[in-house]
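Protein chains in written order, with this note's numbering: chain A, 355 to 717; chain B, 359 to 1000.
Be a bit skeptical, because a hint or two may be false.
With a straight-line Cα cutoff of 30 Å, these simulated DSBU-like cross-link-like pairs (lysine-lysine) come out [stated by the list, open to error]:
(1) B:Lys-386 with A:Lys-493
(2) B:Lys-386 with A:Lys-482
(3) B:Lys-868 with B:Lys-735
(4) A:Lys-555 with A:Lys-493
(5) B:Lys-436 with B:Lys-672
(6) A:Lys-612 with B:Lys-516
(7) B:Lys-959 with B:Lys-436
(8) B:Lys-436 with B:Lys-613
(9) B:Lys-516 with A:Lys-598
(10) B:Lys-462 with A:Lys-598
(11) B:Lys-777 with B:Lys-959
(12) A:Lys-598 with B:Lys-607
(13) B:Lys-467 with B:Lys-669
(14) B:Lys-731 with B:Lys-796
(15) B:Lys-672 with B:Lys-919
(16) B:Lys-516 with B:Lys-462
(17) B:Lys-516 with B:Lys-467
(18) B:Lys-919 with B:Lys-777
Some chain B residues near chain A, calculated using beta-carbon distances under 7 Å [to be verified]:
(19) Lys-386
(20) Ile-387
(21) Gln-391
(22) Met-394
(23) Ile-397
(24) Leu-401
(25) Gly-404
(26) Phe-405
(27) Gln-409
(28) Val-410
(29) Pro-413
(30) Arg-419
(31) Ala-420
(32) Ser-424
(33) Asp-594
(34) Ser-595
Hints were generated in silico from the structure; no laboratory data involved. Where is the CB? At the ideal position from N, CA and C, for every residue including glycine.
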Amino acid sequence: MPAYRSLRDLDWLMLALVAAICALGVLQIFSATYDTHYADAWWKQLIWIAAGFIAMWIATLVDYHTLLGQVPVLYVLSVVTLGATFVLGMTAFGSRRWIGTATYHIQVSEFVKIVLVLLVARYMTELKSEQLQLSDLLKLAGLIGLPMIMVMLQPDLGTALTFIPILLVGVFLAGFRWQYAVAILVIVAVVAPASYYLVLKDYQRARLISFIDPSQDPKGSGYQVIQSKIAVGSGALWGRGVTKGTQTQGRFLPVPHKDFIFSAFAEEHGFVGVIVALGMYFVLLMQIVENAQTAPDRAGTYLCMGIAAVMLFHVLVNVGMVVGRMPVTGIPLPLMSSGGSNIVAVFLMLGLANNVRLRRFVN
Amino acid sequence: MKLRADREHQQIADSQLLRDDSKFASGKIAFFQYLMVGIFLFLITGFWDLQVRNPEVYQERAMRNSIKSIPVLAPRGKILDRDGRVIVDNHSSFSLFLSRENLKMEHLKPIAEGLNLDYDSLVARVRRFQSRGAPTYQPIPIKEELTPAELSFVESHKDADTFPELEVIHVQHRLYPRSGFAAHVVGYVGEVSEAELDTPEFARFHQGDVIGKEGLEREYNDILTGTDGQRRVEVDSFGNERRVLSDDKEAIPGKPLQTTLDLDLQAVAELAMENRRGAVVALDPRTGEVLAMVSRPAFDPNLFAGRIRSKDWKELVDNPDHPLMNRAIQAQQAPGSTFKPIMALAALETGAIDDNFHVNCPGGATFYGRFFKCHAKHGGVDLHRGIVQSCDTFFYNVGNRMDIDDIAHYAEMVGYGHKTGVDLPHEAEGVVPSRRWKIRNFREKWYPGENISVSVGQGATTVTPIQMAAAIGGIAIGGMWFQPHLTKDTDTVHLMPARRGEVNLENIQKVISGMYGVVNEGGTGGRARIPGIDVCGKTGSAQLVSNDAIKAGFKLTDNMKDNAWFVGFAPRQAPEIVVAALFENGVHGQFAAPIVRDVLKAYFDKKARLSQAAPQIASLPPLFHPPAAPTTAVSAPVRDNP
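Only chain B is shown next, with the shape it has when bound in the complex (with noise of 0.2 Å):
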């Protein structure tokens, strides 16, 4: 072996004899260790540019690469009723957003079509953010309650190669009770809009914050909405989770609001008013809280959770029962002969009554030369009288003898004409008429025939459900009124201090001796009565076109009929509650007190329960019905908000 490599390489040698040359190419050995030289530094420099020059370029483009900023929602507060249940909760589902950071316009195409969206109202939303200077780790929410086929669309589309911009976040999602169950006190959320971004109330939020609308949910915006979180993840170039960074922002939940709303006394409320259009406020008269607030018709809160679909809009705002309104602090209506209270106060302080006063009552009388109608034929009334049989011929004549300023004067101070205070938005003032009024708004003198009317609660008077609960409860506990409120948190709202009326409060037993007797000596409000209870109250029935027009014939149509109201509180010595019902075309206010009394009884009931035994929590029916959560099959890399 050795030998024949040596023969070889012998040959080899021999036949060239090179040996002895082996520097023959040295200078040129010399030039490639030159060029090598060359190209060494050549490729250090290319490292030095990079590494060294300016690597804080490369280093952000790599965070930009590897960083994603994922928001985490702060979930808003839960809303409670007086004893902590819930009224308003949150449930978990899956929205989707665009992350900001690595959107590009032309991706928005294939998302659209992928996801069922409008590609015009989605460029239109993402020129929106952009155009509103948003800090860019703001993603743009674009759709919300995934299901689990949108999931795996935005699971198999989330790479860095195809749509790097696709977030999926885990979101608290509002859950209101179903079938508009106080839905016009808590209100509703919504996606915040570019106008009201724009008002001072909102200007704190950015685009894409879902916000409180209306109700509480607006009023208590700053306790219930929380602070959002920020998630930095590292991802690959899959678009895949790989660490989460330690620079988390948490997000701080909203805190809960414990309301003054007793669920029980709520849902008995919302029972009594089932089908029907109206009102309901129940209050403490000693405090001014809000046990119970009812408006019907009533829309669902959930359609709003997240942006509501236009179809369910026009909806609801084209329905002529206006389902939005919330009656309870915004339908201003005449109260009626719920008013008859007031006057007869008014006329006992002003003096324009006495004890003795009497009036004879054939059916109506005539004043200015015009036959004003009574129900019945009374025969003889006094005051009393006149509030149980709620005699319109004695009030015309109690207002006869008064000055329509001093009619004014009473009834501001039991709080009509001005907004209570209760803590929503919105709220109505309602009218009371005077000389001053009719100068502002008609440019003419007042009348005094005007008057008779005024005395029965018609003409232009006009009332809400929460501001006669709130003056008939102040008169119950002898002069007193306390501002309305929701909120059991008295740091959070400011309340106005108790306004004491200065009336003498034996007149005020008189006109509540007179209410005692319309519910318990057979007086119109026959149908609130509850045994064991000293309930007091006042029908009304409050005509919606004038007699005037009836005798000429007018037909009247089923949203024509006289609204009903009724107003009583319980007990009689020591009133701890009081309620007022708005019947919408019930015709009778002896139809609305079957409400009040509902209302009361389970007041009572329950306060009897509660000191019986131990307390226990009334079972409620079944409120919430959490909508079907997208089912787990999906793998979707969405982690829990802390």
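With the rest of the complex left out, here is chain A (with noise of 0.2 Å):
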């Protein structure tokens, strides 16, 4: 096997992208808070995507499979570390998500997300038989869910709803008998009621009416809601430019640098905007796609297309609450929101599909 392999072969279409995205996210970032005391969110939002390349480069270069085959540490210490965040862990805005100092402090449950998407490709990858048992299944849920509940106790619902694409994709891909299928749709009929009353904390509850109704709650979730509808709606087809957004800069949107940052792009860039965004992530996530398809051995198939479910899953739940076609859960947009651990974790991921795609001609 080849030490070195040929910069040629890097998806120079999906770093082009992913810099494109970066930018419209740092500028936008910019805009929501240049007059604001976050207004130093962008350039450390530039010291995350720095971090970021370094972070892909070092995941591009280190084979997969050596990865693979650390999936069993790499699980222990993810759920160490998040049992470390009950106890170690700051809580802010009333939940208890990060391990470090106030100033400097990661996410620890979003690069538990890489860990379950290497530990779903490796399991799928050892499966014997050509389709998922019951057995597997249970197991591999069982393994998925005990990090998603810790998640879920800190409290953060929309972190733990993410590890749940990154199951439902490997099974896919795996093969399942339907019945089975039919089986945990019933008992998800059942269970999310009653863990609608025993489960979900007042707030998310608040969160999920509001989704349904905003107007039931105008000061709370479905004020944002509102607010968020109202800035995309009057960005218009063509936006009303950089900083001139009343909604964002107006800070009638919550947190336009962060979970909103898509709605105050939407404000300021319109349609217009907003359809090459899309695109861009579109194109992206194609890209990712096609490196499954091209992957040199089912580990990379699996690897490849868990990162392109969950970040479609983070797109489309961010994206789907800008409009107000999704609950408010929380979670950020890749690539764009401010925040480090998201970003950091967003390129290692983006690392490992190229990865995969360095090794696709291999022997």
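Since each chain sits alone in its own frame, please combine them into the complex, following the hints.
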């Protein structure tokens, strides 16, 4: 196996798209914060992006098979660290998600995602049978369920939910008896209403209610959705211009540089900007899926598809929330939302997708 | 390192042998791709709905979110005296308004509690504004002259999540001279009432507007009232202003009103009437310009400057001395002996008497079987002495020789029985009795015996101080009557042309000669004498209770004592000023004479001063005391009006 792989084999289109989306993100962070006390968020984001590219480079170089070999270690490490956040973690906005100091901290659950993607890839490639057996499924669900419940208890429902598409896409690709699917649907149908009352916290329930009818709660989550829709709608076709959106600049939008960054973007860049940005996300995801198709082995396919699924889920839930078509869950928009852990985690995932691509012609 | 990685890689590959079937899931991946397309279309349709299909709705809502219209209240024009000195000024204060664009009824309760307002009347007020259909950008004024404590309450509650409707506006508040100086002339402003809005005079105003309600403030609303402007600002969700939009409507300040009043004379007249009831009017008979106008007791117009408190209002209305009444134009009182010059003129003109007409005064005379008293035993009296000594017996006889309608004719000629047309609201017209008047009001015919009382200014005759000043002033300049007026700007007041009476100048000279004697020849008005100035005048002591009643044992209380009048002008040859003073319950006209003398003296002193030296402005006692302005310790984001 050659030690050096040609730079030509890197996914340059993907890198260009990532750079472009990040640039839009930085611009929007700047615009949304330039006269607030978050005004330094845009250059912090630049630093994170630089760190992300380095992380991506490393994730590209180390053979993904090596990483797959380390899944048990990584998994245990993840669960232990998640456990540690309960003890050592710092509380902010009523939940305990971060580890570190007030200035330097990481959101562990963002990195657990990557471990779970690797876990599913490893698990599926090691299957003996053609189709996924119920016992395998339960085992896998258990493996994912443990960190998921830990994250839910932080409480961070949004990030916990991002673990589900990892499992779903793996199970879907591995093949599965449709009867199982029906059975699971029935169970979900029973469990969901019960968990609404037993598991969900008040604020989570409020978010669900306000998703169904935003006007019910015009000052809480419903307020956020209403203000977001006003921001998006007032952007119209061409947008109101950078730093010109009244919803963004007047702080009517909640966290316009984080979870609602796309709302701010849509206000200031309009429908045309939205099409360009979503178009880039689409091509980026398609590139990852193509990497899955050209992967040298099943593990590579699972890996890329897991990454594609997580990112697609992020885009769907975050952007859907912005236009009122998804409930407010508070998960960031990959590559655009301000925030270090998410940026580095996404870059790591993209690095893994590149990793698979680099090794497609092996043998 | 490389070897180890390769080895592990080899282990996995060996155990599963999966390299050859990387296309195992191509169908499912294709499905995933379609799913992606579906999801992106789903998201894009969301943006399509909001941004392309009906962005106007959201643009409108974004605007309502962030754009606030703040009225810029135009300051009223100042009221100046004839030399341009300020009588009525403005001062800055903060008023609280409720912006109607984002008003929520359920906020009224906590707002009322926070600012110690009556909740029910606040709600009623808001409803009234809403029912009037005033434009929504017009906010509702709810409190004036905010204190620092109230300002900080507003400051801490006006963010988007609490009470975004709260709006503090910097306003120019009316500032009137203190202790009721010229209060009745300038009048006062107040918030336009529901009833007033229905009248044509105030139809152009809106709920909440401050308008002139009385006096010059009311008469010249059109000049003094400016045009309110509007500032449109972009606010953030905390209600802080982010930037001012360019589509401002500038406020146009009201124009200043220059009056004919002379602050110096006004001050002297005010001082002369201190602690008295009555009125003083000083006119320039050559033009009709009002130089001074005082009515006492007065009120403090500053009480009205915003919304008057009901307690203050009740006090003013219930006061038996009627301080709100402008006696100078509204007190209709019997002129008493001040009517005698007019009687004399009428008698001479109609030929009822001639120069040789003499009467013996034994202290009264009997007409139609009834004795009419004179205030002294004057002996032989001719016209000149009749006026100088104010002999009633003489004028009883004059009246007895005349027809009431002739008396009425001359009384009306000098301006009695009609409004003078002075540019103030609510002027009274007084009464000039005549046959027609008697029929119309009592359905009775006139008895000649009634002439006797009329001839000495008693009976039904009533006049106002301004009528008296105008009437005597017109006689003084030879039978020409100019419409009294208060504005210097004669374009804005429609002056009637001067009325020229068809009178013989010789007869006028005889009357004036008598009035000169009143002051300078030991007559009743000696107290009006000014050395070096030829002052002419006439006293009047008008009874409020008839002699019969007094004889019947009626006990006179203080407020039934005779009214004292004095009307005087100077100089005799070319009159420049005429002053009428009514001193209610002053007992005798001679006690009103010093009031007139003070004003006349002030006039001529000033004239002498001005002709001697370069014109200088007389120093005035401090008239204004601005209310304590809100301290600047509170950082209110209120900007100056342009």
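- Message: Could you work out which of the previously given hints the structure breaks and list their numbers from low to high?
- Response: Hints that this structure does not satisfy do not exist here, as all of them hold.
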